[in-house]
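Protein chains: 6
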Amino acid sequence: MRPSGRATDEMRELSFETGYAKHAEGSCMVKFGDTHVLCTASLESRTPPWLRDTGKGWVTAEYGMLPRATHTRGDREAARGKQSGRTQEIQRLIGRALRAAVDLTRIGERQIRIDCDVIQADGGTRTAAISGGFVALHECLRTMRDAGLIETLPVKDTVAAVSCGLYKNTPVLDLDYDEDSTADADANFVLTGTGGVVEIQGTAEGEPFAEEQFLRLMRLARIGCDAITAEQKRVLGLR
Amino acid sequence: MRPSGRATDEMRELSFETGYAKHAEGSCMVKFGDTHVLCTASLESRTPPWLRDTGKGWVTAEYGMLPRATHTRGDREAARGKQSGRTQEIQRLIGRALRAAVDLTRIGERQIRIDCDVIQADGGTRTAAISGGFVALHECLRTMRDAGLIETLPVKDTVAAVSCGLYKNTPVLDLDYDEDSTADADANFVLTGTGGVVEIQGTAEGEPFAEEQFLRLMRLARIGCDAITAEQKRVLGLR
Amino acid sequence: MRPSGRATDEMRELSFETGYAKHAEGSCMVKFGDTHVLCTASLESRTPPWLRDTGKGWVTAEYGMLPRATHTRGDREAARGKQSGRTQEIQRLIGRALRAAVDLTRIGERQIRIDCDVIQADGGTRTAAISGGFVALHECLRTMRDAGLIETLPVKDTVAAVSCGLYKNTPVLDLDYDEDSTADADANFVLTGTGGVVEIQGTAEGEPFAEEQFLRLMRLARIGCDAITAEQKRVLGLR
Amino acid sequence: MRPSGRATDEMRELSFETGYAKHAEGSCMVKFGDTHVLCTASLESRTPPWLRDTGKGWVTAEYGMLPRATHTRGDREAARGKQSGRTQEIQRLIGRALRAAVDLTRIGERQIRIDCDVIQADGGTRTAAISGGFVALHECLRTMRDAGLIETLPVKDTVAAVSCGLYKNTPVLDLDYDEDSTADADANFVLTGTGGVVEIQGTAEGEPFAEEQFLRLMRLARIGCDAITAEQKRVLGLR
Amino acid sequence: MRPSGRATDEMRELSFETGYAKHAEGSCMVKFGDTHVLCTASLESRTPPWLRDTGKGWVTAEYGMLPRATHTRGDREAARGKQSGRTQEIQRLIGRALRAAVDLTRIGERQIRIDCDVIQADGGTRTAAISGGFVALHECLRTMRDAGLIETLPVKDTVAAVSCGLYKNTPVLDLDYDEDSTADADANFVLTGTGGVVEIQGTAEGEPFAEEQFLRLMRLARIGCDAITAEQKRVLGLR
Amino acid sequence: MRPSGRATDEMRELSFETGYAKHAEGSCMVKFGDTHVLCTASLESRTPPWLRDTGKGWVTAEYGMLPRATHTRGDREAARGKQSGRTQEIQRLIGRALRAAVDLTRIGERQIRIDCDVIQADGGTRTAAISGGFVALHECLRTMRDAGLIETLPVKDTVAAVSCGLYKNTPVLDLDYDEDSTADADANFVLTGTGGVVEIQGTAEGEPFAEEQFLRLMRLARIGCDAITAEQKRVLGLR
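Residue numbers (full-length UniProt numbering), protein chains in the order written: chain A, 1 to 239; chain B, 1 to 239; chain C, 1 to 239; chain D, 1 to 239; chain E, 1 to 239; chain F, 1 to 239.
One thing to keep in mind: the hints can contain errors.
Since the list gives no way to pick one copy over another, a pair counts as held whenever it fits inside one copy or between any two copies.
[Stated by the list, open to error] Keeping only pairs whose Cα atoms sit at most 27 Å apart, straight-line, the calculated DSS-like set for lysine-lysine is:
| id | residue 1 | residue 2 |
| --- | --- | --- |
| 1 | Lys82 | Lys168 |
| 2 | Lys156 | Lys168 |
| 3 | Lys168 | Lys56 |
| 4 | Lys233 | Lys22 |
| 5 | Lys56 | Lys31 |
| 6 | Lys82 | Lys233 |
These aren't lab readings, by the way, just hints derived from the structure by calculation.
Could you build all of it, start to finish, from the sequences and the hints given here?
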């Protein structure tokens, strides 16, 4: 029934390739099927102004999409002279999600900036970005430990994200573009490896949906995030 | 236990004053306690370009805050030359929420623009804006009917919104600024009068929260939205 | 003869409501008939860079208009990404006018920022803003005195402003929108309570006007500013 | 007593050089002493959108200053990415002033754009720009007549402008930079050749001034504008 | 002697991977050693306004760099709100270079937009972008032919580009970052497959260089462009 | 054969007028025929941030064009809110060219900013700007020496620039607008007085050109730069 032939609770093929960007302190090319996002983590030696002299660091994110990552070319935001509301909303979400993974009091007065650039888009770019951004962030923390900047990895938990939605009134996991563009409802979930909820965003595209439908989407999200978490751990060599 | 002395499931004092703005096709000054938002609805004779020749209209929203609506003065966005990511995120949310209230195929190729300007802020400005914006929108539709532009009101349902959160680990309804600034989690709910879910946005500010906690927040939101809906109907003279 | 039925030297109904904005150090909702402007005064602990180490403070102003304050909705300046020339011209005028009221050497190296936001417009927004801005500024100075930041109020004089114009070739006081939009000439006067001239701006909209006509406008302005000054003093409890 | 040794009612040396810019439909390099402004008039074949199908044309102005026209270099507005409030205020003034000279119903649905660029500044750049802008505009109208676009020159009157001020409490004509930077009050007058008032802008820089002082400034302005008008007529060959 | 151990006339390892971007009409991931640029060609159905009704089409280019393509993270241009002078200079160069490859009168009133996004930078990004951009453009023309929009490929010649420079006073081919950052002179050459010169840009970074040195750089460029051309032809299956 | 009747190796009439701008530390109005550029040099007491504490100074340039310097009026960049890619490309070129003239280690931690504003354009504005900018820079260095800021002039060599091109397939020197707008190729050369090459930029406008043609353009450039250098030396009183 799904255009891709997937079962309703089936993820697209997942992959995380670490070390993709030669210069970055951490990096990961994440693929959720045909959605490909390059995530890099850049260590900066200063924390933002509002955290000066608190001993605390910060994690922030920026998000972009190559103009022809999509079916029809989108304007280049640098040429238009501003980031769209959608872009800003997504990068604020990624930043909040990844800060939930790290004990910011244990990275010193530094900032880690996660850049998530969509190389190719086929639905779910923000959830792929969060999932891959976690891997890049983790690699960056290892680089910091290996450089003696921190003693142990200040990771509180893994973080994964996935989108679910009502496609032809059926709850399905990990929407691709064909599904997303016609879905009746769309929800993004950010969950930790131990099951905590970091962020939930559900939107009815057309008709309002019922609470029970929302709970079924949440159940699908748990299935998807478990799969993502397992793959993140495998790639990072976590037990 | 709450700074305001309210019960955990108690709303702030609510009021909706229609006809506040002399020139607008519809308007409402909404107050959730000390949060005051002026909502105006402006009828425009053209639908956005992407809807030309579809027979469909559109509802959109803009959001702003007077610089000294807050405890300490914020920059004027017009002077800074751009709207913040937060502003854009909020106005996109208001627009989506209000479009759920109207049958856009029945307003003709027109646009209704809802301006929500925060005159005074004390937490929950976006949910007050949605709740008051619905009233302004409804008034505008009546103006359109009285002018003979439409025959009947194309209202599908009422729309109300409220924020809930975990304050000192207890779920509470309708956060004010004192609570919001220290809450562990914060969730905004947009619900229709008949109980449908239009939008859910939940964020863990510090520690991830559990699914059960989220469900308790949703229950509080239903209590709050019922009270808001009742007051909206009373003011609008709906049965 | 005037659309409103007023005599040529008759002001619209005036009111100044202090303490309108809960958070501001001083505030005033001023009404000149249907023109309503919310004026807030915000105390900032630093003087502008060019006054550092001079012992002098500064008073500045910003001006804005809610998009639907007017008959037809205007673009939101924050969304357009810049303030119009008109806005900048007005806020520069307000700032100059209010600096004439205060001995800047006696407020310390601080800045007081006056925000004037037009909630509803019916002509004369800039003169209402100056007149109400003076009240907000005066309230702010009292807050500073009560907080022990200054010993006495460094007020040199009261400041009031009004517009006059040639309507159907007759000089009239305090133009409302109907008059302003068809006036042959338009002049704004900023006067002190003791009769000094702070600013004069007269513009021929169509045909040039004669010097005698200008002098008659100035005489009307004195009548209007006397009435405004009296009301400002009454509200502020000045003798 | 004046730094320049001029009498209180003495203008600086005036000159208008027409035909300065090879490509423009009209042009004039105007000099008020060491203040040099290049004014060009460019004919555009379309009237602004709000005048379409009215048969009316428009005259507008833009103003700029070379970065090193002044004692210390100013930022280049093109590099800063926006025109200052001062620039916008001045170019709006120039446009209003020059529209008073022309019968806009007799130039067809065209626009004449007057560019006033300050090559060197020594006080009074806006009044020099208006006075020189009139000459450029007049030349442009002649070019239009010679090209057969109009039959007769649609000039209603000449337009001249000058600044006066209180320098060490004495009213003086045509302030230069040394005077302007320390003046107690500063007023700009735009007058027609036949004595009509187009625009008056008077500002107290420090203390408010008295009405009689203002009238004396106006009298000086008449002397100055008479001299400017005479020179404009001489250069343009008007009787 | 070169940091990389290459001979003075030796290119880095070259590769062109076509079909890299799923959605684009033409695409190529080009690698000059560790410099990786993703080039996509997007077909747009309208020519730019200045070519309307001429029967002619256009080829243009945009250039960007992922923030962490470089050793230290650069600002994201979309976030800064403008493209740097360097970016604009490069994208203008790429556009000019690629227009030399195509007979613009034979693609109809269409535009082909080449996006060159640097995924990883190690010197020579603009020349890699031109060389890879040609391949993407060629693929796009084939897509157009296969879709029946054009009958034959309107390719006038292949286009390749390479940078040369004086490294420790020795002319070397295809500078990498280590060489480029300390080079005494730097020159970019854009040449056609049949030997024509499309663009030459040579800059002395420190001391001026002699004409003979420049001629030696040009000779190296011919060697490099021959190698690039051969590889382009191989990948495109041109004889 | 040339529209101007000049020989193929003949420059337009050259003139350099120093001391044109009263306030600047150095200035020069340069004319290449009808191309007139006002160049000013402004001394700033601080070096750019990246040179702090290196003992080194900097020379930079900005470029602008009066809106009606050209045949048809161009938009004012300050009004459009950004400098075009062309403007930025030119000002970067001017800056690089002039830095080649000065020993930056000998001017102290200061910056000299060269503003080049085109008063009238007839082709070759960037090369005129470089040639005149050198004269303004040299005057500024003399002002610095006379003020005791430096002991001797830190000038390494003179710098001149000229454009050459293929006009109707014939190499010609110093293109004017009529030639430039139809040229087949266009090359700018920046040369030092002793013959060193500072910058070469050659572009084929239509068909690629041959290497021999390029060498002939370079020979013409030497002829032109020799003439410019001689005139620069004469005006500056250099032997």
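Hints versus structure:
Taking the closest pair of Cα atoms, Lys82 and Lys168 never come within 27 Å of each other, the shortest separation being 36 Å inside a single copy and 39 Å across copies. Only between protomers do Lys156 and Lys168 lie at most 27 Å apart by alpha-carbon distance; the minimum there is 21 Å, versus 38 Å within a single protomer. Taking identical chains as interchangeable, the C-alpha atoms of Lys168 and Lys56 lie at most 27 Å apart only when they sit on different chains, with a minimum of 23 Å there against 47 Å within one chain. Taking the closest pair of Cα atoms, Lys233 and Lys22 come within 27 Å of each other only inside a single copy of the chain (22 Å); across copies the shortest separation is 29 Å, beyond that limit.
Taking identical chains as interchangeable, the C-alpha atoms of Lys56 and Lys31 are never at most 27 Å apart, the minima being 32 Å within one chain and 38 Å between chains. Taking CA atoms no more than 27 Å apart as the test, Lys82 paired with Lys233 passes in neither setting, with 37 Å inside one copy and 39 Å between copies.
In this structure, the hints that do not hold are numbers 1, 5 and 6, in rising order.
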